[in-house]
Structure formats: structure tokens, C-alpha cells
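**Q** Spelled out, the chains give:
Protein chains: 2
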Amino acid sequence: MVFERLADKWTLLIIRVLRQGPCRFNQLRREIEGISQKALSQTLRKLERDGLVSRTAFPTVPVTVEYALTGLGDTLSNRITPLLSWAEDQIQHVLEAQRQYDSRQ
Amino acid sequence: MVFERLADKWTLLIIRVLRQGPCRFNQLRREIEGISQKALSQTLRKLERDGLVSRTAFPTVPVTVEYALTGLGDTLSNRITPLLSWAEDQIQHVLEAQRQYDSRQ
Numbered sequence: 476m477v478f479e480r481l482a483d484k485w486t487l488l489i490i491r492v493l494r495q496g497p498c499r500f501n502q503l504r505r506e507i508e509g510i511s512q513k514a515l516s517q518t519l520r521k522l523e524r525d526g527l528v529s530r531t532a533f534p535t536v537p538v539t540v541e542y543a544l545t546g547l548g549d550t551l552s553n554r555i556t557p558l559l560s561w562a563e564d565q566i567q568h569v570l571e572a573q574r575q576y577d578s579r580q
Numbered sequence: 476m477v478f479e480r481l482a483d484k485w486t487l488l489i490i491r492v493l494r495q496g497p498c499r500f501n502q503l504r505r506e507i508e509g510i511s512q513k514a515l516s517q518t519l520r521k522l523e524r525d526g527l528v529s530r531t532a533f534p535t536v537p538v539t540v541e542y543a544l545t546g547l548g549d550t551l552s553n554r555i556t557p558l559l560s561w562a563e564d565q566i567q568h569v570l571e572a573q574r575q576y577d578s579r580q
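Line order of the protein sequences matches chains A and B. This note's numbering numbers the first residue of the first sequence as 476 and each following residue consecutively. This note's numbering numbers the first residue of the second sequence as 476 and each following residue consecutively.
Note that these hints are calculated values from the structure, not bench results. Any given hint could turn out to be false.
Pairs count within a copy or across copies, as identical chains cannot be separated in the list.
With a straight-line cut-off of 20 Å between C-alpha atoms, the simulated SDA-like cross-links for lysine to any residue are [unchecked claim]:
| no. | residue 1 | residue 2 |
| --- | --- | --- |
| 1 | Lys484 | Ala562 |
| 2 | Lys521 | Asp564 |
| 3 | Lys484 | Asp577 |
| 4 | Lys521 | Arg574 |
| 5 | Lys521 | Gly509 |
| 6 | Lys513 | Leu570 |
Build the full structure now, drawing on both the sequences and the hints.
**A** Here's what the structure looks like:
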């Protein structure tokens with residue numbers, strides 16, 4: 476159940492951005508390519524409910540809302556980062572494997 | 476692109492099972508709760524194309540097919556395992572956070 480939440484692209488990308496520090500909604504939206512307003516707000520609500528992200532509203536006019544990793548969210552982000560860097564480091568190997576696979580079809 | 480492949484429940488669960496050693500199709504299907512025949516064969520094909528899983532056919536009658544992690548697949552599984560154990564270790568904290576969140580609604 477928890478695991479299924481992790482195997483979600485937007486969850487992993489949001490946690491990666493929040494690892495750099497608290498963020499507002501639109502800032503998150505700018506930093507995560509291709510995420511819709513709906514997907515971002517739904518995923519943030521799930522992450523807040525799971526205790527991984529905190530939501531703080533500041534009494535400015537208009538109100539500003541900031542999202543941040545909780546302690547629990549931080550422990551998770553420590554395990555996501557190696558996965559993300561693996562994807563970045565190994566992309567050439569994967570692309571080469573795909574070329575070879577496709578040439579055998 | 477590669478990253479999106481990782482943020483997939485079946486991918487992560489298949490790699491976790493293959494981390495214990497080579498497996499046949501039906502063995503994988505038994506070990507991964509809820510996966511359909513179609514989802515398993517599609518995901519295995521993607522993993523083979525990405526160079527993460529090898530597929531070996533043995534000339535038995537009928538032919539038997541075995542799936543195994545490649546070297547590249549093994550390096551990935553080393554990064555998935557901490558994520559899976561995090562999910563197992565932290566489930567109580569997540570459930571507690573959900574109870575508190577739901578009580579505030």
C-alpha cells in the first residue's frame with residue numbers, strides 16, 4: 476500500500492524538488508515538467524495525508540501556502556535520490572540496450 | 476524517460492523478485508500479487524528492451540523460458556531495495572499520519 480504510493484512518477488519528482496527546500500504550489504508546478512494543476516494538488520494532498528509533506532498557510536494577503544518535507548518525508552527522499560541518480564547515470568546504457576533490442580525485432 | 480519506467484509498481488516488484496534469482500513466468504506471476512498475465516508480459520518485455528532483464532529460452536519440450544536480472548538490472552535493484560524496506564519499515568508511521576489527517580477533515 477505505502478509502496479504503491481512510491482511507485483508514482485509525480486510523487487518521486489515532487490519529493491526530489493522539496494528535498495531542495497520548502498516550495499510554493501506554482502514554484503513546484505514550474506519545476507516539474509508536464510504536471511497538471513490537478514495532478515500536483517492531488518499528489519500533494521496524498522503526500523500530506525501520508526505524513527511525508529507538510530502544508531503551511533501564511534496569513535499574507537492573499538494567503539500564501541508553502542509545502543515542505545516532514546522528517547518522515549526526508550528519510551524517504553534519502554532513498555529516492557540514489558534511484559534518480561541511477562536513472563540519470565544509466566540512461567545511455569538503457570538507450571543502447573533499446574537500440575540493440577529493436578534491431579533484433 | 477528512464478525514470479518514468481522506474482516509477483512503476485510492477486517494474487519495482489518484478490526487479491525485487493528477480494533479485495532473489497532467475498525465475499520463470501508463472502513463478503513470477505505467483506510471487507507478485509495482483510499482476511495480470513498481460514501486465515507481467517508487457518513489463519518483462521520493457522525491462523528486457525531496457526537491458527535490465529535477460530530472457531533465456533531452454534530447448535526443453537515444451538520450451539522453458541527464464542528471466543534474470545542483467546548486470547545493469549542488478550545495479551538498479553541495489554537502489555530499489557532501500558526504497559522497498561523504507562515502505563515496509565515506515566508503514567505504521569504513514570498509517571498513523573493518515574488517521575490524524577482524516578480526523579482533521
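**Q** With reference to the structure, classify each hint as holding or not holding.
**A** Now for the hints, and whether the structure bears them out:
1. When the C-alpha separation of lysine 484 and alanine 562 is checked against a cutoff of 20 Å, the pair qualifies both within a copy, at 13 Å, and between copies, at 16 Å.
2. Proximity of lysine 521 to aspartate 564 under the C-alpha cut-off of 20 Å is restricted to the inter-copy arrangement: shortest distance 19 Å between copies versus 30 Å within a copy.
3. Proximity of lysine 484 to aspartate 577 under the C-alpha cut-off of 20 Å is found in neither arrangement, the shortest distances being 26 Å within a copy and 25 Å between copies.
4. Within a single copy, lysine 521 and arginine 574 get their C-alpha atoms only as close as 38 Å, which misses the 20 Å cut-off; across copies the closest is 13 Å, which meets it.
5. In this homomeric assembly, lysine 521 and glycine 509 come within 20 Å of each other (Cα to Cα) only inside a single copy, at 19 Å, whereas the closest approach across copies is 23 Å.
6. Within a single copy, lysine 513 and leucine 570 get their C-alpha atoms no closer than 32 Å, and across copies no closer than 24 Å, so neither meets the 20 Å cut-off.
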